[in-house]
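J.: Protein chains in written order, with our numbering: chain A, 567 to 669; chain B, 212 to 479.
Hints were generated in silico from the structure; no laboratory data involved.
Everything hinted at is true.
Below, in silico cross-link-like pairs of lysine-lysine (BS3-like), each with a Cα-Cα straight-line distance of 27 Å or less:
#1 B:Lys368 - B:Lys468
#2 A:Lys598 - B:Lys478
#3 B:Lys374 - B:Lys468
#4 B:Lys478 - B:Lys290
#5 B:Lys290 - B:Lys468
#6 B:Lys478 - A:Lys633
Anything over 12 Å on all C-beta distances counts as not near chain A; from chain B, calculated:
#7 Gly241
#8 Asp302
#9 Gly322
#10 Thr328
#11 Ala329
#12 Ala387
#13 Lys397
Stretch-level coverage of chain A by chain B, calculated; a stretch enters the list once three of its residues show a Cβ under 8 Å from a Cβ in chain B:
#14 569-575
#15 633-644
Glycine is no exception: its CB is placed at the ideal position from the N, C-alpha and C atoms.
The chain contents come next:
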Amino acid sequence: MADPMRIRAQAAGDKATVRVLMAHEMETGQRKDAAGKTIPAWYIQQVHAKLNGKDVLSAQWGPAVAKNPFLQFMIKGAKAGDKVSVSWVDNRGDTRSDEAVVT
Amino acid sequence: MTRILWAGAAAAIAASSAAVWAQQKSSAEGIAEYRAMLADGNPAELFEAKGEALWKTRRGPKNASLEACDLGKGPGVVKGAFVELPRYFADTGRVQDLESRLLTCSETLQGISAAETAATPFGRGEQANMDALVAYISAASGGMKFNLPQGNAEERKMFELGKRAFFYRAGSHGFACASCHGDAGKRIRLQDLPDLTRNPGNGIGFAAWPAYRVSSGELWGMQRRLNDCYRQQRFPYPGYGSDVTIALAVYMGVNAKGAESVAPSIKR
Numbered sequence: 567m568a569d570p571m572r573i574r575a576q577a578a579g580d581k582a583t584v585r586v587l588m589a590h591e592m593e594t595g596q597r598k599d600a601a602g603k604t605i606p607a608w609y610i611q612q613v614h615a616k617l618n619g620k621d622v623l624s625a626q627w628g629p630a631v632a633k634n635p636f637l638q639f640m641i642k643g644a645k646a647g648d649k650v651s652v653s654w655v656d657n658r659g660d661t662r663s664d665e666a667v668v669t
Numbered sequence: 212m213t214r215i216l217w218a219g220a221a222a223a224i225a226a227s228s229a230a231v232w233a234q235q236k237s238s239a240e241g242i243a244e245y246r247a248m249l250a251d252g253n254p255a256e257l258f259e260a261k262g263e264a265l266w267k268t269r270r271g272p273k274n275a276s277l278e279a280c281d282l283g284k285g286p287g288v289v290k291g292a293f294v295e296l297p298r299y300f301a302d303t304g305r306v307q308d309l310e311s312r313l314l315t316c317s318e319t320l321q322g323i324s325a326a327e328t329a330a331t332p333f334g335r336g337e338q339a340n341m342d343a344l345v346a347y348i349s350a351a352s353g354g355m356k357f358n359l360p361q362g363n364a365e366e367r368k369m370f371e372l373g374k375r376a377f378f379y380r381a382g383s384h385g386f387a388c389a390s391c392h393g394d395a396g397k398r399i400r401l402q403d404l405p406d407l408t409r410n411p412g413n414g415i416g417f418a419a420w421p422a423y424r425v426s427s428g429e430l431w432g433m434q435r436r437l438n439d440c441y442r443q444q445r446f447p448y449p450g451y452g453s454d455v456t457i458a459l460a461v462y463m464g465v466n467a468k469g470a471e472s473v474a475p476s477i478k479r
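All chains, please: the whole structure from these sequences, using the hints.
T.: Here it is in structure tokens:
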């Protein structure tokens with residue numbers, strides 16, 4: 567099971583800023599280990615965000631995204647008390663989903 | 212016509228050199244800006260969360276948590292412990308920093324061999340757990356001021372030892388810690404080097420570690436930071452949690468008295 571994400575969502579005016587910190591190695595598949603063997607690629611491929619169960623963001627990521635990625639976006643119409651959930655799927659099929667309440 | 216062209220060329224040269232100068236001036240500011248941007252989503256938080264769980268989880272041959280560990284402020288007290296380390300511990304009869312104290316605790320409470328952890332390469336196995344634990348414990352003292360105790364004779368001895376180690380020149384290049392960190396206003400490439408012989412200010416130098424390093428995606432405690440200092444000086448690697456590393460930490464920590472800790476911070 568992957569490590570949890572940190573999600574913060576803050577409402578200001580008619581929108582909310584969501585900041586997500588994900589724990590992931592994001593191996594590109596280009597690096598070699600000390601023994602000279604290629605370290606297999608391992609990265610997040612899909613990211614989805616929902617507001618109260620309704621899709622608000624979907625993204626396709628590749629190996630160019632850094633280790634322990636940070637994602638920030640704004641949701642129009644989100645207000646305090648709303649639920650934001652973020653999930654990702656990596657190229658090994660591993661997945662993680664976390665939730666936060668807009669403050 | 213020729214004269215006008217020349218004048219134009221001179222003006223262009225003047226403008227370009229001014230631009231270069233402005234660029235140089237802003238590179239330090241640029242780095243500060245870059246750090247501020249990263250600080251908003253400092254991945255050290257991920258290590259903190261992992262460390263907090265590790266602190267409370269029953270592990271090791273004795274199946275115990277670290278919650279009874281005395282970091283200097285009584286068993287189980289985490290808040291405020293980091294800014295008073297290294298300090299003297301009566302039970303071990305040694306001055307210990309955070310990492311060496313954690314080695315003691317995990318050995319006595321959990322039965323995890325301190326020698327084995329110390330010999331493990333950085334970032335692997337128990338050492339990876341160590342990174343998370345130092346992130347969690349240092350974060351619990353975030354914003355507090357360094358105030359290392361010097362009441363015990365052993366603590367004062369370690370300060371003197373650390374001072375000597377700091378100025379001791381050795382290795383193929385005749386380096387000492389003081390070669391780079393003995394004066395204010397020095398830099399290496401684009402990194403400002405703090406003067407560690409005095410208090411360099413809040414959140415600078417000793418007060419900035421442990422830190423998340425963006426370039427390697429790892430969290431480094433002071434032990435690992437010092438290990439890298441030794442590598443850069445072309446010294447033999449110091450033992451993990453060895454007396455010289457603790458002495459240097461006492462020296463830097465006492466000098467940084469009153470500096471606010473921003474650990475775990477973020478570095479390039």
